[in-house]
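K.L.:
Protein chains in written order, with the working numbering: chain Z, 22 to 100; chain S, 22 to 100.
Fair warning: there could be bad hints in the mix.
Note: identical chains are not told apart, hence a pair may lie in one copy or across any two.
As the list claims (entries may be wrong) - Derived lysine-lysine pairs resembling BS3-like cross-links, with alpha carbons at most 25 angstroms apart:
hint, residue 1, residue 2
1, Lys23, Lys85
2, Lys23, Lys76
3, Lys70, Lys31
4, Lys96, Lys85
5, Lys96, Lys47
6, Lys85, Lys47
It is worth saying that the hints were derived from the structure and are not from the lab. Quantities reported herein were computed from a predicted structural model and do not represent experimental measurements.
Number of protein chains: 2
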Amino acid sequence: MKARVFIRLKSEVLDPQGQAIESALKNLNENNIKNIRQGKLIEMDIEAKNVEEAKKSIENITVKLLANTVIEDYKIEIE
Amino acid sequence: MKARVFIRLKSEVLDPQGQAIESALKNLNENNIKNIRQGKLIEMDIEAKNVEEAKKSIENITVKLLANTVIEDYKIEIE
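With the sequences and hints as input, model every part of the structure.
P.N.:
In structure tokens form, the structure reads like this:
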């Protein structure tokens with residue numbers, strides 16, 4: 022199975038990377054784009070009996086390894 | 022409108038971040054997860070007359086600023 026984990030900074034956390042992109046856009050004269058936030062996308066292949074089990078496994082590694090749940094939110098997609 | 026840009030390393034490009042995650046997983050005894058690739062997820066708000074125009078604007082900034090199209094692929098989603 023293919024799985025994707027989307028990791029975003031929580032909305033109340035400052036995002037300096039997003040701000041850097043936003044100020045670079047001003048130099049490109051793109052003033053119609055705002056509120057830029059940069060997150061991570063982690064893709065993987067997983068062997069599991071079913072989607073439930075795969076999701077549990079990925080949730081486990083996301084909390085332990087991939088995301089910092091104090092400042093980040095995550096979403097798991099399996100297909 | 023809300024827009025998302027997914028940026029991934031092309032499949033033929035080595036992904037050291039993905040490899041680092043993979044070797045860390047071995048220490049967590051998760052051996053059922055393989056082929057990990059780390060990419061970027063960039064979210065933004067855009068003001069545009071229609072989806073077409075928004076997509077064109079975002080494609081423009083993605084190629085110029087967000088993605089390195091020599092080694093990265095991108096996908097744009099607007100909602």
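K.L.:
Are the CA atoms of Lys85 and Lys47 at most 25 angstroms apart within a copy, between copies, both, or neither?
P.N.:
Between copies only: 13 angstroms across chains, 38 angstroms inside a chain, cut-off 25 angstroms.
K.L.:
Within a copy, between copies, both or neither: where do Lys70 and Lys31 come within 25 angstroms Cα-Cα?
P.N.:
neither (32 angstroms within a copy, 29 angstroms between copies)
K.L.:
Is it within, between, both or neither when you check Lys96 against Lys85 at 25 angstroms Cα-Cα?
P.N.:
within (15 angstroms within a copy, 28 angstroms between copies)
K.L.:
For Lys23 and Lys85, with the copy left unspecified, which applies at a CA distance of at most 25 angstroms: within, between, both, or neither?
P.N.:
Classified as within: same-chain Cα gap 20 angstroms, cross-chain 30 angstroms, threshold 25 angstroms.
K.L.:
Given a CA cutoff of 25 angstroms, do Lys23 and Lys76 count as a within-copy pair, a between-copy pair, both, or neither?
P.N.:
Within. Shortest intra-copy distance 11 angstroms satisfies the 25 angstroms Cα cut-off; inter-copy 27 angstroms does not.
K.L.:
With 25 angstroms as the alpha-carbon cut-off, assign the pair Lys96 and Lys47 to within, between, both or neither.
P.N.:
between (31 angstroms within a copy, 23 angstroms between copies)
Violated hint: 3 only; the structure is consistent with all others.
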